[in-house]
Every structure is written in structure tokens, then in C-alpha cells.
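Sequence lines, in order, name chains A and B.
Its first residue numbered 0, the first sequence is counted upward by one per residue in numbering that gives the first Met the number 0.
Its first residue numbered 0, the second sequence is counted upward by one per residue in numbering that gives the first Met the number 0.
Please keep in mind that the hints were generated in silico from the structure rather than gathered at the bench.
Quantities reported herein were computed from a predicted structural model and do not represent experimental measurements.
One or more hints might be untrue.
Which copy? The list can't say, so a pair holds if one copy fits it or any two copies do.
[Stated by the list, open to error] With a Cα cut of at most 20 Å, we get these calculated SDA-like pairs of lysine to any residue: (1) K59 with S94; (2) K146 with C206; (3) K59 with E234; (4) K200 with N102; (5) K235 with P106; (6) K59 with R104; (7) K146 with N100; (8) K146 with S203; (9) K235 with V159; (10) K235 with T250; (11) K62 with P156; (12) K146 with N102; (13) K200 with A161; (14) K200 with R228; (15) K78 with G202; (16) K200 with P41; (17) K235 with A251.
Number of protein chains: 2
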Amino acid sequence: MADTPSPTSPTPDTQRPALAPRRFRMVCAYDGTAYFGWQTQPGYTSIQETIEQVLAGIVKAPKVDIHSSGRTDHGVHAKGQVFHVDLVTRMTERSLKMALNANGRLPPDIRILSCREVSQDFHARFSAHGKEYRYYVWNTRILPPDKRLYNAHIVRPLDVEAMRRAMQYFVGKHDFAAFSANPNRPIESTVREIYAFTVTKRGSQICFRVQGSGFLYKMVRSMVGFLLRVGAGQEKPESVADLLSPGTVRTARVPSAPAAGLFLWRVWYA
Amino acid sequence: MADTPSPTSPTPDTQRPALAPRRFRMVCAYDGTAYFGWQTQPGYTSIQETIEQVLAGIVKAPKVDIHSSGRTDHGVHAKGQVFHVDLVTRMTERSLKMALNANGRLPPDIRILSCREVSQDFHARFSAHGKEYRYYVWNTRILPPDKRLYNAHIVRPLDVEAMRRAMQYFVGKHDFAAFSANPNRPIESTVREIYAFTVTKRGSQICFRVQGSGFLYKMVRSMVGFLLRVGAGQEKPESVADLLSPGTVRTARVPSAPAAGLFLWRVWYA
Chain A
0 MADTPSPTSP TPDTQRPALA PRRFRMVCAY DGTAYFGWQT QPGYTSIQET IEQVLAGIVK
60 APKVDIHSSG RTDHGVHAKG QVFHVDLVTR MTERSLKMAL NANGRLPPDI RILSCREVSQ
120 DFHARFSAHG KEYRYYVWNT RILPPDKRLY NAHIVRPLDV EAMRRAMQYF VGKHDFAAFS
180 ANPNRPIEST VREIYAFTVT KRGSQICFRV QGSGFLYKMV RSMVGFLLRV GAGQEKPESV
240 ADLLSPGTVR TARVPSAPAA GLFLWRVWYA
Chain B
0 MADTPSPTSP TPDTQRPALA PRRFRMVCAY DGTAYFGWQT QPGYTSIQET IEQVLAGIVK
60 APKVDIHSSG RTDHGVHAKG QVFHVDLVTR MTERSLKMAL NANGRLPPDI RILSCREVSQ
120 DFHARFSAHG KEYRYYVWNT RILPPDKRLY NAHIVRPLDV EAMRRAMQYF VGKHDFAAFS
180 ANPNRPIEST VREIYAFTVT KRGSQICFRV QGSGFLYKMV RSMVGFLLRV GAGQEKPESV
240 ADLLSPGTVR TARVPSAPAA GLFLWRVWYA
């Protein structure tokens with residue numbers, strides 16, 4: 000009768016040692032078209048909430064909280080968003096990933112690319128060392144229907160060389176206050192470091208790639224928005240330097256490029 | 000008083016000579032995801048009906064009939080579908096095309112790529128000399144969200160060389176009865192000619208290209224469906240020859256590949 004609780008032991012429920020939560024680091028890709036951005040907001044469908052609800056169903060928890068490397072806006076896509084989550088489960092990394100991607104679980108516009116158990120000191124946001132974003136522009140008169148969800152459409156022919164000259168000013172450590180739309184939240188510092196910024200053109204598609212230590216709210220779309228004005232001949236490449244000088248605030252010269260062209264490409268860690 | 004109708008003339012409405020209808024040949028591209036196929040069907044949104052309604056609004060006609068090179072099924076895309084239409088209008092080719100593509104007219108998942116006035120003996124279907132279709136497959140474990148609308152997803156690694164051997168049997172004039180799903184309509188002949196059939200792989204994407212004189216209902220998806228079975232090792236390449244022998248009817252060995260991977264690529268004329 001070894002399985003019968005002894006009178007001195009607590010209630011049977013606590014007989015089995017409670018499982019400690021395990022931390023998982025997951026990489027996900029999504030098509031942001033149908034979502035109101037990453038972050039959960041009452042009344043809107045978010046990517047975060049969609050993943051949390053599916054995960055809760057899989058591990059049979061009433062609620063699950065996931066923590067991403069950062070938000071993405073309404074309509075912005077990701078090829079390699081990273082989040083961590085603490086789960087009380089005996090499932091393996093592989094079975095968790097497969098369960099999330101299974102039919103009837105996550106919708107096909109969200110996919111889990113990898114799942115790895117990590118130590119409790121890993122944090123998707125605070126442990127991140129840098130991020131890469133890519134921004135795609137379709138630069139012809141007519142935007143092909145199958146490209147419309149993943150490219151901004153600019154009819155006017157863009158001067159790639161002028162944009163290339165302009166983007167060099169962004170590289171390095173600068174105050175990006177003029178390239179951020181602050182949605183009413185205090186920011187400690189608007190200084191960020193850009194490691195690399197390149198632009199390539201292949202056929203009708205222009206691809207901007209930017210890597211940096213971190214990015215302010217709407218910073219990538221603001222930088223690209225200004226570069227597109229440079230490419231259209233409405234601004235000089237050197238004007239970037241003025242806008243990066245300390246104390247400069249956001250002006251109408253810095254529009255946000257449309258969400259559809261933007262992909263959070265990857266997040267890297269030590 | 001030259002403008003006053005004389006008593007002997009008919010009603011003022013017929014004073015101005017009625018404009019003769021002009022025939023236009025248009026090339027269009029569409030993302031078929033949101034449509035119930037090309038052809039108008041009561042209760043469903045079709046590409047044909049969408050274009051007809053916008054065109055009627057532009058030329059201020061109560062109704063406009065467009066005639067395509069052929070139908071495409073629910074969820075199938077086009078890069079170069081061709082249709083003709085007779086319009087009573089003074090608009091130029093260019094202004095018609097621009098009006099159709101303008102904001103608030105055609106939705107962004109349908110674009111008019113070209114518009115050209117043609118003689119009355121041009122017919123988008125009967126004048127066509129051949130067509131090219133392309134079929135895209137994403138062949139990895141996980142289908143990236145931004146590829147899901149324009150590729151079929153096959154997890155099992157496909158043997159491209161085996162599919163290449165199999166597709167050679169399709170080239171030439173054959174009875175394709177086994178590769179057509181007949182939706183209860185009589186077909187005069189199930190003989191068609193395939194001019195070329197190729198397959199290429201780039202990264203995770205496999206692209207089938209097929210050119211022919213014409214195609215039976217679901218013929219491309221049926222051929223690709225069988226090729227995918229060959230690629231997965233479930234059928235031998237030589238089996239195509241058996242299925243093309245006269246009198247062979249469709250069997251469960253010939254499944255239709257999913258609609259999402261299929262594009263009507265172009266239609267050519269003399």
C-alpha cells in the first residue's frame with residue numbers, strides 16, 4: 000500500500016512534487032496583416048494573445064504569459080521574432096513546437112520556427128544584443144497583387160544611390176529623437192546605435208536592411224520614410240545629419256513608411 | 000436654330016450618332032485568395048464580377064460583360080490573365096487602365112497590367128494560341144507565413160529528378176482524360192498538347208512551368224498532383240505513360256494539388 004497517503008503527509012494533491020516552471024525561448028514568424036500588432040490590446044486580435052491562448056490550451060494552464068524581444072506594430076511582419084515563456088509541462092522542446100504548429104492550433108499566419116529550453120536568466124527583451132529589420136519596397140507603377148501584403152508601393156522611381164549615401168549617416172551611435180513617434184510613453188534615452196544599414200535593388204524590389212542595438216518606437220519606418228523622400232529627390236542625403244543632431248525633434252519631413260513593407264528579421268543574443 | 004430638332008428628325012436622343020462599341024484586350028493579375036474563382040456565380044464574389052462592376056461604373060453602363068481566356072478556380076492566382084470587353088466609351092486605353100487601377104476602384108488584389116484596343120475579331124478565349132501556368136511548392140517542414148498564400152506546402156522532401164523524368168511523358172499531344180476533373184459538362188475532346196514542362200528548385204521553393212495549347216478543367220493541378228506523388232516516391236515516373244494511354248479514366252492516383260500554388264502565368268496570341 001505504498002501509494003496510500005500516510006496520515007502525517009499533507010493532502011494527496013501535494014504528494015507529487017509540483018513541477019517547477021521551465022523557461023522556453025521560441026522563435027516565431029508571422030504575417031502581421033490580420034493582426035493589430037504584437038501586443039495584446041482589449042478588443043483587438045494580437046499575435047501575442049493568439050500564441051498565449053494556444054499555448055495555454057496545450058499545457059492546460061488557465062493563462063500563459065509570453066515575453067517578446069519587443070512589439071511590432073499593426074500590419075508589421077516577422078521572420079524571426081523571439082519570445083520566452085515559463086511553462087509547467089513535461090513536454091519536450093520538439094513536441095511543444097509541433098503542437099503549436101499542428102492543424103487547428105496556431106493559424107497558418109503564425110509559425111513557431113524553433114523552441115529551446117533556456118535558463119531562468121534568459122529574457123527575450125533584456126538579453127537581446129541586437130536586432131535586424133528588413134524593409135521591402137516595390138518600385139513600379141503597378142503593385143503586383145501577390146506582392147501587396149509584403150511590400151510598400153512607391154510609383155516614383157527611387158534613386159538607390161542617393162538613399163545609400165543618406166543611410167550612412169544613420170550608422171553609429173546617434174540621438175534618434177527625430178526618427179521616433181513616441182506614443183505617450185516616457186523614454187529614458189533616444190540614443191541608439193546602428194551597426195549596419197544597406198540597400199539593394201533586385202528587379203522592381205528594393206530591400207533595406209538595418210541592424211542595431213535596439214530601436215525606438217517606429218524608428219525603422221521613420222528612417223525608411225525619410226530615405227524614400229531622399230530617393231524621390233525631395234530631400235538631400237546630407238539632411239540626415241541635421242536630423243540626427245542633438246535636440247532635434249520629429250518633423251513632418253520624417254514620415255513613417257507603411258507597415259506592410261516591414262519585417263522584424265532576427266534578434267540576436269550573446 | 001441649327002440645334003433645334005427638325006420635325007422630320009427622330010427624337011433628340013438619337014441626334015448624336017451612337018458611339019460604336021470598341022473592343023479592348025486587357026491583361027490582369029490577381030490574388031485569387033479572396034475570390035470564388037474567375038467566373039461569376041450567384042452568391043459568391045468572383046474576379047469577373049468585380050471587374051465588370053468597376054468597369055460599368057467607369058463607362059457609366061448599366062452592365063458590362065467581360066470574356067476571359069478561361070476560368071480559374073477558387074483560390075487560383077493569375078499573373079497574366081487576358082480578357083476582352085466591348086465598351087461604348089471615348090476613353091483612351093491608358094485612361095481606362097488608370098481608372099481601373101485607381102484608388103477606390105478595383106481592389107488591390109486585382110490589377111490591370113495593360114489595356115489595348117483590338118479589332119472585333121479578337122476573342123480572348125478563341126484567339127488564344129497557348130497558355131503558361133506555374134505551380135509553386137514550398138518544400139520544408141514549416142511553411143513561412145508570408146509564403147502560405149502563393150505556394151502549396153509539402154513537408155516530405157521531393158525528388159526533383161524523379162519528377163523531371165515523369166513530366167517528360169506529358170510533353171506532346173495526349174489524351175488527358177485521366178488528368179481532368181470534369182464538373183458535369185460535356186467536353187468534345189480530352190486531347191491536348193503540352194509544349195513544355197519544366198521543374199526547378201531554388202532554396203526551399205520548387206517551381207513547375209507548363210506550356211500548352213490549352214488545358215482541361217483542373218488539368219494543371221492534376222498533373223502536378225501526380226508529379227508530387229512521384230516526387231514523394233509513391234509513384235514511378237513511368238506511370239505517367241500508363242495514365243496517358245487512350246481510354247484511361249481519372250483514378251484516386253491522380254489527386255488535385257492545392258489551388259494556392261497555381262498561377263495562370265500568361266496567355267499568348269498570334
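Results for each hint:
no., hint, verdict
1, K59 with S94, "within (15 Å within a copy, 60 Å between copies)"
2, K146 with C206, "both (13 Å within a copy, 17 Å between copies)"
3, K59 with E234, "neither (55 Å within a copy, 42 Å between copies)"
4, K200 with N102, "neither (37 Å within a copy, 27 Å between copies)"
5, K235 with P106, "neither (44 Å within a copy, 35 Å between copies)"
6, K59 with R104, "within (13 Å within a copy, 48 Å between copies)"
7, K146 with N100, "between (25 Å within a copy, 15 Å between copies)"
8, K146 with S203, "both (11 Å within a copy, 19 Å between copies)"
9, K235 with V159, "within (13 Å within a copy, 50 Å between copies)"
10, K235 with T250, "within (16 Å within a copy, 65 Å between copies)"
11, K62 with P156, "neither (50 Å within a copy, 37 Å between copies)"
12, K146 with N102, "between (26 Å within a copy, 17 Å between copies)"
13, K200 with A161, "within (13 Å within a copy, 35 Å between copies)"
14, K200 with R228, "within (17 Å within a copy, 38 Å between copies)"
15, K78 with G202, "between (22 Å within a copy, 16 Å between copies)"
16, K200 with P41, "neither (40 Å within a copy, 44 Å between copies)"
17, K235 with A251, "within (15 Å within a copy, 64 Å between copies)"
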